[in-house]
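Novice: Generate the whole structure from the sequences, applying the supplied hints.
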Amino acid sequence: MTTQLHHRNIKVLLAKMGLDGHDRGVKAIARAFRDSGMEVVYLGMRVTADQIAQATLQEDADVVGISILSGAHMRLVPRLAQALTDRGIMDDVLLLVGGTIPDQDVEPLQQLGVHGVFPVGAFTSEMVEFIQANVKSGKSSPFQHQAGEPQPANLSGEVITETRQE
Amino acid sequence: MAANPRSSADGQQEFRTLSGIDIKDVYRPEDAGLDYSQDLGEPGAYPFTRGPYPTMYRGRLWTRRQIAGFGTAKATNQRYRFLLDRGQTGISTDFDHPTLTGYDSDHELAEGEVGRLGVAIDTVSDMEELFEGIPQDRVSVSLTINHPAIVMLSMFLAVAESRGILWSELRGTVQNDSLKEFHGQKTFALPPGPSLKLTTDIVEFCTKHVPNWYTVSISGYHTRESGADAVQELAFTLAQGMAYVESAMDRGLPVDSFAPRLSFFFGCHNDFFEEIAKFRAARRMWARTMRHRYQATRPESMRLRFHTQTLGSTLMRQDPQNNIVRGALQALAAIMGGTQSLHVSGYDEAYDIPSEEAMRMSLATQLILAHESGVTNTVDPLGGSMFVESLTNTMEEKANEYIARIDEMGNGSLCQGMLEAIGNGYIEQEIARASYEYLKKVESGDQVIVGVNQYQPTSSQLPELFEFDALEEERQLNRLAEVKRSRSDAQVADSLRNLKSAAAKDENLMPHVLEAVKVHATEGEVMASLQDVYGEYVDPGVF
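Line by line, the protein sequences give chains W and Y. When we follow the working numbering, the leftmost residue of the first sequence carries the number 1, and every step to the right adds one. When we follow the working numbering, the leftmost residue of the second sequence carries the number 1, and every step to the right adds one.
What the hints contain is simulated information worked out from the structure, not anything from laboratory work. These numbers were taken from a predicted model, which means no experiment stands behind them. Ideal Cβ placement from N, Cα and C applies to all residues, glycine included. Hints may contain errors.
[Said to hold, decoys possible] Computed footprint of chain Y on chain W, listed as stretches where at least three residues anywhere in the stretch have a Cβ under 8 Å from a Cβ of chain Y: (1) 19-27; (2) 30-38; (3) 49-63; (4) 67-77; (5) 86-96.
[As the list claims (entries may be wrong)] A few chain Y residues facing chain W, derived, Cβ under 7 Å: (6) R58; (7) L109; (8) E111; (9) K208; (10) G312; (11) M316; (12) A432; (13) L439; (14) K441; (15) Y537; (16) G541.
[Unchecked claim] Listing some non-contacts, in silico: residues in chain Y with all C-beta distances to chain W over 12 Å: (17) D22; (18) G133; (19) R291; (20) R475.
Specialist: This is the structure:
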């Protein structure tokens with residue numbers, strides 16, 4: 001049995017849902033993710049569930065990170081989960097939610113399919129580690145590493161998919 | 001002395017303010033470089049560095065103005081009465097996000113946000129209920145709204161008129177700082193140019209018809225919350241102010257006719273002396289700019305007065321009781337800096353909008369500083385401090401560098417320069433850079449935040465949080481539906497048609513918006529009509 005590793009940068013799609021304008025956190029996170037070697041697409045503010053799901057599909061993102069500081073997360077996140085499910089990609093992405101999230105809402109969010117909840121004050125280093133440990137492998141069209149191509153320089157920011165051969 | 005390595009007991013190697021200004025080990029007279037009459041002057045006299053008034057808090061304490069708003073107008077009205085009963089002396093209205101961004105409560109984007117972080121106001125009926133039993137002519141009111149400011153102010157004026165209160169008796173403020181919405185707070189609804197037009201419409205209308213109203217609260221608080229440092233806050237806020245002055249002068253208004261009714265709003269962060277220096281520098285810079293650049297002659301036109309809010313973003317989720325101490329220190333800096341009014345953010349800010357207990361604590365903080373600390377007994381107590389004067393000078397220099405760059409972008413017009421600096425992403429990028437640098441310092445532990453990256457608590461008592469009544473959204477939707485049922489749709493349609501045609505002809509829109517809200521046109525209908533003419537602004541997603 002040999003294990004072959006395929007590399008490509010983790011692609012993260014970030015957006016703010018709802019109307020609140022608190023985007024300091026999501027922007028800093030975008031920079032931190034980029035600095036850790038990930039590819040970052042930031043959709044901006046006031047983005048709807050359908051727009052996010054559509055962009056996730058088009059961008060073939062590995063991670064979807066949503067920032068909500070308005071308190072409306074329990075209303076907005078189910079819509080996003082539904083939009084991702086409708087497009088058949090809910091199981092392919094790592095779904096993260098950040099913002100003003102009270103402790104008692106963490107479990108309900110997880111039940112909706114959110115993998116990681118990062119309330120205000122969470123460190124970006126925690127988020128990067130979480131993504132690296134949990135990003136989903138074996139997507140339908142993974143980048144195949146070609147022989148002779150240089151290895152990506154930053155190993156910390158990669159998706160590693162394993163293909164087992166008997 | 002010089003032989004000792006520069007380090008404090010616990011090993012700090014570098015000494016800088018939060019915005020990166022180097023700090024010496026000790027300051028001497030030559031560092032302050034002071035010409036008393038040129039650089040400080042007497043309190044209440046040009047260049048107002050020591051304060052806008054001769055006697056400051058000896059004559060009158062600052063206004064304790066805790067912002068409040070949540071749910072329906074009825075619920076918020078009760079909170080206002082609670083605060084007025086407990087020593088608060090002014091009202092500051094916090095609107096919910098749909099109201100701030102110009103959407104009605106029944107718009108699809110409003111779902112889950114109606115009344116959530118502020119009060120929901122859709123029609124003039126809501127505004128009536130908001131001020132039920134509150135004497136509009138005796139309590140000063142701050143309407144904290146920007147792009148839809150023209151709608152909320154019109155509703156407020158319409159309610160006053162219906163109660164027989166003369167507009168000339170109204171004292172209060174509308175935030176109306178449209179340009180900062182593109183880099184701070186981000187509750188924009190219209191593109192930069194048209195939003196500046198509406199801001200100027202309000203300045204012009206109030207100068208003529210509501211003479212005691214403060215027409216723009218030129219705001220740095222939100223810019224700071226977006227991650228700007230103190231120098232950037234100072235620079236961009238003053239640049240916004242200059243843009244409004246130029247825009248109003250372009251309408252033919254004499255500078256001394258409207259400048260006295262401009263006020264400012266700053267945040268206050270943790271770096272005690274830097275914040276004090278920022279406030280002092282702001283007064284001096286504004287005075288110099290108004291006199292030399294815009295040829296103002298009335299002292300009131302040059303005299304910068306400001307409201308302060310301690311910064312919500314400095315309040316941590318971990319060990320929330322520590323935030324009471326942070327709020328007290330920041331409030332003290334604002335007072336030492338000579339603020340005219342103050343809001344101390346609730347210690348539970350990282351969890352939700354403040355509970356009554358948190359607001360009680362914030363007011364108590366203000367009252368203890370006012371009555372027990374003794375800091376109010378003399379004017380500008382830190383004036384002449386070699387360190388504070390040096391820092392004040394440096395803040396002014398560094399902020400002026402930013403302003404010069406923006407001025408260049410507009411080829412000598414700050415108004416054009418600001419539109420350019422917003423449009424090309426310059427301001428947003430500068431702020432994002434400062435914000436990320438600060439975050440890295442916190443995450444690396446270079447900037448200690450007690451209870452967060454050092455001295456973490458082993459156990460922490462969770463505050464009793466504000467309980468949002470989820471039924472408020474439904475109540476508001478019912479209320480809106482009821483207003484829509486009972487009004488004359490034909491009158492509304494007429495008023496909106498008039499508004500659009502006035503917008504197309506570039507008239508002052510205040511009278512037209514007033515007519516529309518009086519016949520119960522909703523905020524969303526007015527804003528949508530304006531967007532038909534002016535277009536919408538979409539977040540470019542700069543980071």
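Novice: Now tell me if each hint is right for this structure.
Specialist: The hints, checked one at a time:
1. Evaluation of the coverage hint for the segment 19-27 of chain W: fulfilled, as 8 residues show C-beta separations to chain Y shorter than 8 Å, against a requirement of three.
2. For a cut-off of 8 Å, the count of residues in the segment 30-38 of chain W with a CB near a CB of chain Y stands at 3, and the three-residue condition holds.
3. Coverage of the segment 49-63 of chain W by chain Y is violated [criterion: at least 3 residues with CB-CB distance below 8 Å; count 0].
4. Counting residues of the segment 67-77 of chain W whose CB lies closer than 8 Å to any CB of chain Y gives 6, so the stated coverage by that chain holds, three being the minimum.
5. Requiring three or more residues with a Cβ within less than 8 Å of a Cβ of chain Y, the coverage given for the segment 86-96 of chain W is violated, as only 0 such residues are present.
6. For Y/R58, the shortest C-beta to C-beta distance to chain W is roughly 39 Å, which exceeds 7 Å, and the interface hint is violated.
7. For Y/L109, the shortest C-beta to C-beta distance to chain W is roughly 6 Å, which falls under 7 Å, so the interface hint holds.
8. Proximity of Y/E111 to chain W holds as hinted, the smallest CB-CB distance being about 6 Å (cut-off 7 Å).
9. Annotation: interface hint on Y/K208 violated; nearest CB of chain W at approximately 32 Å, more than 7 Å.
10. Interface hint status for Y/G312: violated, as the beta-carbon distance to the closest one in chain W is roughly 9 Å, over 7 Å.
11. Because the smallest distance between the Cβ of Y/M316 and any Cβ of chain W comes to about 6 Å, under 7 Å, the interface hint for this residue holds.
12. A distance limit of 7 Å between C-beta atoms decides the matter here; for Y/A432 the minimum to chain W is near 5 Å, and the interface restraint holds.
13. Among the interface hints, the one on Y/L439 holds; its C-beta lies about 5 Å from the nearest C-beta in chain W, closer than the 7 Å criterion.
14. Nearest Cβ of chain W to the Cβ of Y/K441: about 12 Å, over the 7 Å cut. The hint is violated.
15. For the restraint placing Y/Y537 at the interface with chain W, the shortest Cβ-Cβ distance is roughly 10 Å, beyond the 7 Å limit, so the hint is violated.
16. Nearest Cβ of chain W to the Cβ of Y/G541: about 3 Å, under the 7 Å cut. The hint holds.
17. With 12 Å as the threshold on Cβ separation, the claim that Y/D22 sits away from chain W holds: the shortest Cβ distance comes to roughly 25 Å.
18. Even its closest Cβ contact with chain W, about 28 Å, leaves Y/G133 beyond 12 Å, as expected for a residue assigned away from the interface.
19. At roughly 35 Å from the closest C-beta of chain W, the C-beta of Y/R291 stays outside 12 Å, upholding its exclusion from the interface.
20. Its beta-carbon lying about 17 Å from the closest one in chain W, Y/R475 satisfies the requirement of being farther than 12 Å from that chain.
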